[in-house]
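There are 2 protein chains.
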Amino acid sequence: MGSLGLVTPQAMHFAEPLLLQSGAQLGDYTLMYETYGTLNADKSNAVLICHALNASHHVAGHYATPKSAGWWDNMVGPGKPVDTDRFFVIGINNLGSCFGSTGPMHVNPATGKPYGAAFPLVTVEDWVAAQARLADRLGIEQFAAVMGGSLGGMQALSWAIMYPDRLRHCIVIASTPKLSAQNIAFNDVARQAILTDPDYHGGDFYEHDVVPKNGLKVARMIGHITYLSNDDMAEKFGRKLRNAAETNDYNFDFGIDFEIESYLRYQGDKFSEYFDANTYLLITKALDYFDPAREHGGDLTKALAGTKAQFLVASFSTDWRFSPERSREIVEALISNRRRVSYAEIDAPHGHDAFLLEDARYMNVVRAYYNRIALEVA
Amino acid sequence: MGSLGLVTPQAMHFAEPLLLQSGAQLGDYTLMYETYGTLNADKSNAVLICHALNASHHVAGHYATPKSAGWWDNMVGPGKPVDTDRFFVIGINNLGSCFGSTGPMHVNPATGKPYGAAFPLVTVEDWVAAQARLADRLGIEQFAAVMGGSLGGMQALSWAIMYPDRLRHCIVIASTPKLSAQNIAFNDVARQAILTDPDYHGGDFYEHDVVPKNGLKVARMIGHITYLSNDDMAEKFGRKLRNAAETNDYNFDFGIDFEIESYLRYQGDKFSEYFDANTYLLITKALDYFDPAREHGGDLTKALAGTKAQFLVASFSTDWRFSPERSREIVEALISNRRRVSYAEIDAPHGHDAFLLEDARYMNVVRAYYNRIALEVA
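Protein chains in written order, with UniProt numbering: chain A, 1 to 378; chain B, 1 to 378.
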């Protein structure tokens with residue numbers, strides 16, 4: 001397996017307004033994207049990769065700065081499961097993100113100031129509609145596959161529902177057909193932490209030259225707990241004390257006693273330094289709102305009735321955020337529709353985060369599936 | 001089953017200093033407590049009830065104000081599982097609490113100002129030592145039983161370890177021999193929310209005439225999610241919209257869309273109005289620190305080797321905070337020590353909170369156990 005090496009993000013501007021599910025409208029907007037590999041002559045080898053909460057169009061390869069590898073660099077590249085020697089892979093940054101596509105940090109043409117909290121709430125379906133326009137511009141009528149993990153999997157599923165003729169394969173990993181009350185609850189606590197941080201300034205913190213760092217940190221810590229499995233946390237951290245090498249005793253203060261505290265606070269700090277609070281708020285709302293069965297009286301089978309793609313659905317045994325049970329709901333609804341679907345429930349210790357991590361069985365499942373797709377392309 | 005009717009809290013002052021596990025010392029202190037029923041002539045029918053995170057000495061009966069029933073009023077009273085016609089029951093408020101026993105809101109004799117964050121961190125073992133002094137004063141050499149749920153169960157377990165001759169029965173419900181990394185993680189996020197609230201003022205918010213309401217609210221929301229089961233939340237709230245009767249559509253803003261958001265924010269608001277932030281911090285630390293096996297190289301069997309009580313251990317199937325597995329660790333360590341132990345794993349939908357709720361099977365288990373204890377007393 002080789003490396004993609006240096007990759008370069010591109011920007012595409014859209015002057016046509018985008019009507020959003022909320023009824024609001026984005027007058028014009030820019031989408032950031034990256035491509036890897038070469039589009040073949042009949043444009044049949046394109047793969048779209050959709051990102052999850054905190055990721056971006058930078059799926060694979062790296063930038064000139066160190067430590068800038070793409071978030072799915074283990075999955076996408078020459079000779080990798082999604083083989084860029086055979087496929088033309090597109091990574092795209094969603095609207096409302098803080099990584100380049102039009103979002104809350106950009107200037108609202110109506111006011112001349114950053115959108116802030118005035119950036120319209122966008123849904124998974126809105127993202128997919130915007131992605132379809134980018135595909136139009138690139139001349140891609142039909143993707144060989146649309147693929148994503150977690151929130152990215154919701155986008156892949158929406159592609160299959162909204163544009164059944166525009167993808168041959170739909171790959172949905174560690175995802176769910178809708179958030180549970182518990183999932184929503186965790187998102188709402190995270191949002192409350194941000195919204196009540198005095199440095200949030202009702203979303204207009206940019207002009208105050210601050211960021212709601214504490215709120216974002218707490219939000220990320222909560223999120224992070226739900227990404228890891230209980231067992232994995234127990235094994236990696238357990239009750240290990242940070243000062244184990246020294247006193248190996250409790251500090252009896254509100255500083256850091258346990259390694260797990262140190263780890264989570266570090267993750268929270270790091271996140272609050274690069275992620276935008278308004279983006280966090282709106283992406284968690286997009287998660288909460290996703291529920292394609294909703295307009296079919298809650299019937300997922302009906303929601304998936306118009307799909308034409310073939311499906312690969314994968315879940316991880318220790319994922320308690322979007323458990324295997326949630327993936328099986330998708331699989332069962334597809335089977336009820338007599339869709340062709342492969343399902344892999346991967347026994348992996350790493351909880352929800354497993355979809356981003358190296359795991360031989362997981363990688364082999366995806367590789368085998370893409371080998372099959374490649375036969376159709378060649 | 002009758003009601004205890006009006007009950008009256010009592011205060012007991014202790015002038016003898018209490019040396020704490022941290023090495024700090026409380027010069028003098030007051031403990032609030034309540035008693036129900038009558039202590040018999042040989043003082044053999046006393047039962048001590050230990051409280052969990054947000055509760056108090058007000059276990060049963062009610063005060064003059066409405067809605068002031070004790071937190072375990074379904075469990076303790078005339079004809080109830082812990083029958084006050086037969087037992088003399090004591091509810092006690094722990095040190096550091098905000099319900100009357102000496103805590104962060106009280107005046108620190110060293111400074112003449114409220115302790116605030118300067119109140120020394122107290123451990124489960126410290127609480128038990130203070131409870132033992134109250135028992136001394138009441139002339140109770142040996143309890144018929146010491147009983148508690150969750151954090152209260154940890155105190156009961158500590159009684160069995162610290163004062164093996166002072167209790168005949170130890171009743172440990174919905175508890176654990178130590179917090180997991182995930183448990184600690186949730187506690188630490190909650191603490192971070194409080195500590196970073198600008199209204200916390202390093203713990204001295206009393207003199208600023210504010211409370212860190214937002215931090216406490218977020219802390220409580222996080223806690224509350226872990227008290228409920230995933231299934232129970234799904235059944236009670238699911239994805240129900242708060243405006244279901246009106247538009248039954250998303251609001252596309254950061255207000256309240258889902259019933260679960262409304263419920264949790266309400267719980268958070270309510271809690272932040274009556275609970276003290278410093279108390280929340282120190283009680284979560286007591287939870288984190290509890291680990292009786294620690295000084296025995298992590299061997300719980302060794303930690304319980306000196307116990308003499310008989311045990312009732314109970315857990316609830318959907319409790320994912322302190323799962324049945326954690327209770328079974330206690331049971332197995334007791335069995336290894338050839339202690340007499342009854343174990344009930346109750347199939348109940350309500351998660352960790354089940355230990356506070358009415359459930360016929362649960363109540364019957366406790367009732368049957370106390371019937372057995374009553375035979376020894378009579």
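Think of the hints as simulated: they come from the structure by calculation, not from any bench. Hints are supplied without guarantee of correctness; some may be wrong.
Identical copies carry no separate label here, and so any pair may be met within one copy or between two of them.
Taking lysine-lysine and the BS3-like style, the derived pairs with C-alpha atoms no more than 27 Å apart in a straight line are [said to hold, decoys possible]: (1) Lys-240 <-> Lys-43; (2) Lys-213 <-> Lys-43; (3) Lys-213 <-> Lys-270; (4) Lys-302 <-> Lys-113; (5) Lys-302 <-> Lys-240; (6) Lys-302 <-> Lys-236; (7) Lys-43 <-> Lys-236; (8) Lys-270 <-> Lys-67; (9) Lys-113 <-> Lys-240; (10) Lys-113 <-> Lys-67; (11) Lys-67 <-> Lys-43; (12) Lys-113 <-> Lys-236; (13) Lys-67 <-> Lys-236; (14) Lys-308 <-> Lys-67.
Remember, predicted model here, so these are calculated numbers, not experimental data.
How the hints compare with the structure:
In the homo-oligomer, the alpha carbons of Lys-240 and Lys-43 never lie at most 27 Å apart, since the shortest distance is 54 Å inside one protomer and 44 Å across protomers. For the identical chains of this complex, Lys-213 and Lys-43 are neighbours neither inside a copy (45 Å) nor across copies (57 Å), given an alpha-carbon limit of 27 Å. In this assembly of identical chains, the alpha carbons of Lys-213 and Lys-270 lie at most 27 Å apart whether taken from the same copy (10 Å) or from different copies (26 Å). In this assembly of identical chains, the alpha carbons of Lys-302 and Lys-113 never lie at most 27 Å apart, being 43 Å within a copy and 66 Å across copies at closest.
When the C-alpha separation of Lys-302 and Lys-240 is checked against a cutoff of 27 Å, the pair qualifies only between copies, where the shortest distance is 20 Å, while the shortest distance within a copy is 49 Å. Only between protomers do Lys-302 and Lys-236 lie at most 27 Å apart by alpha-carbon distance; the minimum there is 25 Å, versus 43 Å within a single protomer. For a Cα distance limit of 27 Å, the shortest separation of Lys-43 from Lys-236 qualifies neither inside one copy, at 45 Å, nor across copies, at 49 Å. Within a single copy, Lys-270 and Lys-67 get their C-alpha atoms as close as 14 Å, which meets the 27 Å cut-off; across copies the closest is 45 Å, which misses it.
For the identical chains of this complex, Lys-113 and Lys-240 are neighbours neither inside a copy (48 Å) nor across copies (36 Å), given an alpha-carbon limit of 27 Å. Taking the closest pair of Cα atoms, Lys-113 and Lys-67 never come within 27 Å of each other, the shortest separation being 33 Å inside a single copy and 51 Å across copies. Proximity of Lys-67 to Lys-43 under the C-alpha cut-off of 27 Å is found in neither arrangement, the shortest distances being 33 Å within a copy and 70 Å between copies. For a Cα distance limit of 27 Å, the shortest separation of Lys-113 from Lys-236 qualifies neither inside one copy, at 45 Å, nor across copies, at 43 Å.
In this assembly of identical chains, Lys-67 and Lys-236 lie within 27 Å of each other by CA distance solely inside one copy; the values are 23 Å within and 45 Å between copies. For the homomeric pair Lys-308 and Lys-67, neither the shortest alpha-carbon distance inside one copy (40 Å) nor that between copies (58 Å) is at most 27 Å.
Hint compliance for this structure: hints 1, 2, 4, 7, 9, 10, 11, 12, 14 are not met, and every other hint is.
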